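Letter by letter, the chains look like this.
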Amino acid sequence: MNSFLTRRRGNWTDWLSWGWMIFGTLAMFVPVLWLVLSSFKTQSALQEFPPSLLPTGQKQIVVAGFEKPLPVFSVPLPDGSRAERAMVRRIGIELQVIDPAVLDAPIRRVKLAEASPVRELHFAIENYLEPLEKFNFGRYLSNSVIVTVTATALTLLINAMCAFALSKYEFRGRNGIFIFIVSTLMIPITVILVPAFLVVTKLNLGNSLWGVILPPAATPTGVFLLRQYMLTIPDELMDAARMDHASEWRLFWRIVLPLAAPALAVLAIFSVVWRWNDFLWPLIVLNREDVFTLQLGLASFQGELQTQWHYLLAMTVVTLIPVSVVFAFLQKYITTGIASAGMK
Amino acid sequence: MRAALARLIDWPFEALQRALGAARMPYVFVLPNLLVFGIFVVLPMLLNIWYATTSGVELMPEQRPFTGLANFSELLDCSNYLNVASCRQDRFWRAVDNTLWFVAFQVVTMVALSLITAVVLNRKMPLRGFFRAVFFYPVLLSPVVVALIWKWILQPDGVLNAILVANGGQRLPFLLDSDWSFTWTVVVSVWAHMGFYVLILLAGLQAIPPDLYEAAAMDGTPQWRVFWRITMPLLMPNMAVVLVLGLIRAVQAFDEIYVLTGGGPGTATQYIVQYIYETAFAGQVHIMGLAAAASMLVGGVLLVLTLLQLLASARAKQ
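Residue numbers (my numbering), protein chains in the order written: chain A, 363 to 706; chain B, 58 to 375.
Please keep in mind that the hints were generated in silico from the structure rather than gathered at the bench.
Don't take every hint at face value.
Label pairs and their calculated CB-CB ranges [stated by the list, open to error]:
1) B:Ala60 with A:Leu621: 17 to 25 Å
2) B:Asp154 with A:Gly538: 27 to 35 Å
3) B:Ser143 with A:Leu491: 50 to 58 Å
4) A:Ala389 with B:Gly95: 39 to 47 Å
5) A:Glu495 with B:Arg228: 30 to 38 Å
6) A:Gly665 with B:Ser143: 28 to 36 Å
7) B:Gly95 with A:Tyr531: 19 to 27 Å
8) B:Gly95 with A:Leu593: 20 to 28 Å
9) A:Ala475 with B:Ile220: 28 to 36 Å
10) B:Val244 with A:Gly538: 21 to 29 Å
11) A:Leu593 with B:Gly125: 26 to 34 Å
12) B:Asp147 with A:Arg534: 47 to 55 Å
No farther apart than 20 Å at their CA atoms in a straight line, the calculated lysine to aspartate or glutamate pairs in the DMTMM-like style are these [stated by the list, open to error]:
13) A:Lys430 with A:Glu446
14) A:Lys421 with A:Glu476
15) A:Lys530 with A:Asp601
16) B:Lys181 with A:Glu446
17) A:Lys530 with B:Asp67
18) A:Lys473 with A:Glu456
19) A:Lys421 with A:Glu488
20) A:Lys530 with B:Glu71
21) A:Lys564 with B:Glu115
22) A:Lys473 with A:Asp441
23) A:Lys530 with A:Asp606
24) A:Lys473 with A:Glu492
25) A:Lys564 with B:Glu71
26) A:Lys430 with A:Glu492
Fair warning: this is a prediction, and the values are worked out from it, not measured in the lab.
Glycine is no exception: its CB is placed at the ideal position from the N, C-alpha and C atoms.
Chain A extracted, bound-state conformation (with noise of 0.2 Å):
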C-alpha cells in the first residue's frame, strides 16, 4: 500500500486501475441497488417514465371528516402565489380542492392543467406486505426455507460421513469409490434431465420438496472438501477413544465432526448458496403451484401478462436478502474455498 501511495503522481497505471475498479463496482452494485429503490415505488411511480432516482409517491394527507386520505395537490391562489390543496374529487378536467389546515374549510374549484401534484419521499412498504397475502409469495419463502436447511442439514450429515470413512478408514474398494465420487464432479444435470425425472416420478417424490432436497445432496465437492480437511485431522485421536471402547460412530459424532467445523463451515455456506438460488432442478420437479420455491414463484410471476412490477421488484429483493448477507459476514470463506478447491 505504501509504495501506491508515495510514487511520483501521475503514474498512468495506477489511475488506469482505479478507473476500472470504480468503474466495476458500480457495474455490480448499481442494476442491484436500482433494483432495491425500484421496490420501493409504488405502482402508479413505476410506470413514470422518465423514472425518478429514488421512490417517491404523491402526498397524502388526512383531512377531517374524509374516511380516506387526500391526494395534495399545488394549485395557484386567487393572488398568485401557489399553496398545497387536499383534493376532495376530480371532474373531468376541474379539481375540487380544500385547505387541508382550515376546519370545514370551503370547496374551491381549480383547472387540473394548472395543478401540480405534490411529491414526497414515499416508501411503497405494501409492495412487500401485499404479495404475502394475495398471492402464495409466503408458501414460497417457506417452502424455500425448508428445501434450503434440509438439503443443507442432510448434505453435511451424508457427506461428512462418507468423508470420514474415505478418510479415517482402510478398506477395500475405498479408492475406487473415492475415484467414483469425484469423476461424477462433471456430470452436469443438464445431461441426466429426463431420466432423473423419470426416478424422482417414480419414487413418487414428484411436486414434493423431497423431490428437490435428496438428488443433489450427495455433493461430489463436498465430499472432496472434507475428505481433504478430515486428513489433517491426527488419527492418534480416534485411537485414544478406541481404547476407552467409544463405537466408531461416535468416533465420528464426537471427535471427528467438531474438530472439521471449519470446512463444515465452508460447505454449509455453499449448500444454503447453492439451494436457495436452485432453479432448473426444482423447475423440472415442481409443477404445483402450492409447492413452488421462491426461485419458481418469482420466474412464474414474471412470465405472467400484465406483469405486476410493484410486486415482483418487492419479492425479488426479498429473494436476494439471504445470499447477501452471507456475502456481508461470509464472504471470505467463500473466496478461500473456491481459490482452495475451486467449488461453486
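Fit chain B to the supplied structure of chain A, relying on the hints for placement.
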C-alpha cells in the same frame, strides 16, 4: 436431555456395529451418500441411453419402443449443413447455432475482463479486499434474481432507455430485437459469473514468486514486458482452467437467459439446454427421446471439455 438425544442418535449405529463388526462400519458410513448418488445420478445416466434410443411420448421406459439411433439421425438430419432451415429438427440446429455464438462471445469477453480485473486486484492498492468482494457479489445471486434485475433495467420504459432519452437519444428495443437481445444475454451472463473466474486468476497471480518481479524491476524492465514475459507464462495453467470451465458453463447456459428473454425474440436467444428442457417438459407433447439424444450429444461435448480441464488442472498443479 441433550445426552438422551445424543444417545438416540448413537443407538442405531452402535447396534449396527454390534451386528456387523467394526471392520464393516466404513461401508455403513459411505452408504447414504452412495445411495443418493446411485439413484439420482448414476441410474439416470444409464437410463438416459435407453431414452435416447427409444421413441414415443411415454415417460415409463417399458412403454417406449426401441428405435436404435433414430433419434440421433433425426437430430442430425439436414439436407444442407450450412442452412439451419433445411434440417428436420431446425429448432435444435438453431439452438446449436445460437449456443456457439453465445459461447464464443461470452467466454472471450469474460476471460478478458476477468484477466484485467485480476491483474488490477493483484496490485498493491488500498481497498483491495473490498474491490475483490465487489466483483464476486453477483456470483452469489440466483439466476432468477439476476434476470429480473436486468429485465427491469432493460425494459422499454426502463432506466437505460431513460438515460438514452435524457441524452438526446432514442429508445432502443433491448430485449425486443434479436441482436440486442443476444448482446444482453452475453453481457448479463458475464456480469453474473466473472467474479468467480477473477478469483481463480487472482489465486494464480498471487502464486507467482515476487522475486521474479523484483529482479525485473532492478533491470528496469518496462511493465508491459514484465506482463508478457513473466505474468502471462506463469498464469497459463490458471488461464487454461478458467477457459475450459468457462466453456463448460457457457455451453450449459440456461437459467438467467430463460427468465430474461425466454429464448426470444423468436428463437434468437434459445440455447441448447432450453431446447432440451422444452422438448422434454414444456411443450404439448413431451418428446423425451429427442431431448435425451440431444443431452447425450451435449454430454459428449462436455466430456471432451472436461478431459481438457483435467489436463489443464493437472498441469496447473505441477
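Do the hints match the structure? See the list:
no.: 1; hint: B:Ala60 with A:Leu621: 17 to 25 Å; verdict: holds, 21 Å
no.: 2; hint: B:Asp154 with A:Gly538: 27 to 35 Å; verdict: violated, 42 Å
no.: 3; hint: B:Ser143 with A:Leu491: 50 to 58 Å; verdict: holds, 55 Å
no.: 4; hint: A:Ala389 with B:Gly95: 39 to 47 Å; verdict: holds, 44 Å
no.: 5; hint: A:Glu495 with B:Arg228: 30 to 38 Å; verdict: holds, 36 Å
no.: 6; hint: A:Gly665 with B:Ser143: 28 to 36 Å; verdict: holds, 32 Å
no.: 7; hint: B:Gly95 with A:Tyr531: 19 to 27 Å; verdict: holds, 20 Å
no.: 8; hint: B:Gly95 with A:Leu593: 20 to 28 Å; verdict: holds, 25 Å
no.: 9; hint: A:Ala475 with B:Ile220: 28 to 36 Å; verdict: holds, 29 Å
no.: 10; hint: B:Val244 with A:Gly538: 21 to 29 Å; verdict: violated, 45 Å
no.: 11; hint: A:Leu593 with B:Gly125: 26 to 34 Å; verdict: violated, 48 Å
no.: 12; hint: B:Asp147 with A:Arg534: 47 to 55 Å; verdict: holds, 53 Å
no.: 13; hint: A:Lys430 with A:Glu446; verdict: holds, 18 Å
no.: 14; hint: A:Lys421 with A:Glu476; verdict: holds, 17 Å
no.: 15; hint: A:Lys530 with A:Asp601; verdict: holds, 11 Å
no.: 16; hint: B:Lys181 with A:Glu446; verdict: violated, 56 Å
no.: 17; hint: A:Lys530 with B:Asp67; verdict: holds, 19 Å
no.: 18; hint: A:Lys473 with A:Glu456; verdict: holds, 5 Å
no.: 19; hint: A:Lys421 with A:Glu488; verdict: holds, 16 Å
no.: 20; hint: A:Lys530 with B:Glu71; verdict: holds, 18 Å
no.: 21; hint: A:Lys564 with B:Glu115; verdict: holds, 13 Å
no.: 22; hint: A:Lys473 with A:Asp441; verdict: holds, 16 Å
no.: 23; hint: A:Lys530 with A:Asp606; verdict: holds, 18 Å
no.: 24; hint: A:Lys473 with A:Glu492; verdict: violated, 35 Å
no.: 25; hint: A:Lys564 with B:Glu71; verdict: violated, 33 Å
no.: 26; hint: A:Lys430 with A:Glu492; verdict: holds, 19 Å
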